[in-house]
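K.L.:
Use the sequences and the hints to build the structure in full.
Chains A and B supply the protein sequences, listed in that same order.
With the working numbering applied, the first sequence closes on residue 265, and no number is skipped along the way.
With the working numbering applied, the second sequence closes on residue 229, and no number is skipped along the way.
Derived from the structure by calculation, the hints contain no laboratory data.
Be careful, since some hints might not be right.
Stated by the list, open to error - What follows is a set of in silico ranges between Cβ atoms, one per label pair, in the way DEER data are often shown: (1) E94(B) - G32(A): 38 to 48 angstroms; (2) M215(B) - H82(A): 52 to 62 angstroms; (3) R255(A) - A9(B): 55 to 65 angstroms; (4) A239(A) - R52(B): 24 to 34 angstroms; (5) A36(A) - R92(B): 45 to 55 angstroms; (6) A166(A) - V0(B): 46 to 56 angstroms; (7) D50(B) - G135(A): 52 to 62 angstroms; (8) H82(A) - G23(B): 37 to 47 angstroms.
In this text, all values refer to a predicted model and were calculated from it rather than measured experimentally.
Where is the CB? At the ideal position from N, CA and C, for every residue including glycine.
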Amino acid sequence: MMRRIWAVAEVVLRGWLRRKEAYVYIVLLAGLQLAVASLGGAAGGGSSLYLFDAGLLLTWFFGWAVALHAGAAELPGEEAHGTVFLLLAKPLSRAELIVGKWLGAWLAVTLCTLAFYAVTLIVAYSAGVAPPLGALIQAGVLHLISLAVLIALSLALSTRLNRDAAVAVAIVAALALYLIVPRIPQLACETHGWRVGALNVLYYGLPHLELFDLRRRVLHGFGPLPGGVLATLAAYGAVWTGALLMAAWLSYRRRRFQRDRLLE
Amino acid sequence: MAALSFDNLGMRFRSRGAEVVALDGLTLAVEPGVVFGFLGPNGAGKTTAIHILLGFQQATSGAAYIFGRDVRTPIARQRIGYLCEHPDAYRFLTGREMLRFAGKLCGLAGGRLEDRVAQVLEEVDLSAAADRRIATYSRGMRQRVCLAQALIHDPDLLILDEPTGGLDPLGRQQIRRIIGDWRRRGKTVFFSSHELSEVELVCDQVCILNRGRIVAQGAPQMLPAAGESLEQFFMRTVSGAAEAAGRLA
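P.N.:
Put into structure tokens, the structure is as follows:
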């Protein structure tokens, strides 16, 4: 079983390394960081930390963009090219296909994100910023865990939607989770009755992506998180990834494949 | 034990408010070692039956078996190789990488996998282009690499859906040669085709499907009346069945 999952993941990874998207993202991030750096240089001293802040923000959201794209592209791509028929005719279960796709996309996104961090660090060091490495590594690890959750989310959406629709819905869902879910308690304070209960259900029932964001900690030099907290956050991410992959499998396991040119 | 069998297979679905009967109580058994032609006009239900056999769709009634195993279990697909109509492969891979991937999915590894990859590349005449990306292959070469991935684990049953569609005469001849080799090795080949002249050349048994039902079955040389070609017999059978269905309606 693991051998088949790994075979699928390997092909996904190879595809990402051989296509141009990943390199376009890296060049775009480097270009943006250099543009921000040149603006910071023009603004004079004291702007280095803001520059690093902007770099981390760009790295964070570029990681998201690649993850949502990678997760949503795989299954619809197989169907559009007809390769899904060759795959599913093999002794490969749909669960193995989904886990293999997720694993391959996560490995590809991990490589991309590490390249993003490398670009950010080069720009930061050249601007004279020396970020705390312990906290930065933890921030990177939690970022990668959040990307695992996002890939599972977009993969689950792509079992029912086409690639573009899955990317669009996943972006909206991810931004809502990141920006709105942490503010639900404030909303709950301003309302009453059954709405408070409904908001509490949403607050505890949806994933909290903001928990994986350690950028403030890195910027303000608060030092690394205790190991237990890091492990709990990693377990939280793993549980959500598992739940979303399960949802993807439930949606995909009885999916009928119809391709006009194949149907008679 | 039959290489593949359909037991009262039914497939109905709704399309734009109307009920479509794709398969209507299809019952068929194909014995091992036979080259079996699965014929029928467009919309007869051939591809639907093949898709159910491969687990791409679930039948609404009845069951399908491969070497006695229910097709709904992935393990049933261990002994089959499949080539779909207008197949495509991962264009960013080389031919050799594509075959390695297919082999790994079928449980091959190490030296055995490498041996099979080399053997199958030779069989489909792609050894010279094995390390080129599939994106650079011609259509015929892509068809052959897809056929090679179906053969990689030396399956006992080969399912081909319109295998020669869009191929030039040379490509068709090559597919016929591979089917012939497969038969000599005692393997079962089940294929759907519109090319009746080809069917006559390679098949031991055929069945003609129309509107989800079998309307004729037997050896391709025995089915037509004296002086009639298989194509004429096919036209007569299919149009006769359509007229009968029209009268019933």
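K.L.:
Please go over all the hints and tell whether each is borne out by the structure.
P.N.:
Hint-by-hint comparison with the structure:
Under the hint 38 to 48 angstroms, the C-beta atoms of E94(B) and G32(A), about 43 angstroms apart, fit the expected range. For M215(B) and H82(A), the Cβ-Cβ distance of about 35 angstroms falls outside the hinted range of 52 to 62 angstroms, so the restraint is violated. Taking 55 to 65 angstroms as the suggested C-beta distance range, the pair R255(A) and A9(B) does not conform, at roughly 27 angstroms. Separation of A239(A) from R52(B) is about 30 angstroms and conforms to the stated range, judged on CB atoms against 24 to 34 angstroms.
Under the hint 45 to 55 angstroms, the C-beta atoms of A36(A) and R92(B), about 54 angstroms apart, fit the expected range. Against the hinted window of 46 to 56 angstroms, the Cβ-Cβ separation of A166(A) and V0(B) comes to about 26 angstroms, which falls outside the hint. Between D50(B) and G135(A) the C-beta distance comes to about 55 angstroms, which sits within the given range of 52 to 62 angstroms. Between H82(A) and G23(B) the beta carbon distance is about 25 angstroms. The supplied range of 37 to 47 angstroms is therefore violated.
Checked against the numbered hints above, the structure violates hints 2, 3, 6 and 8; every other hint is satisfied.
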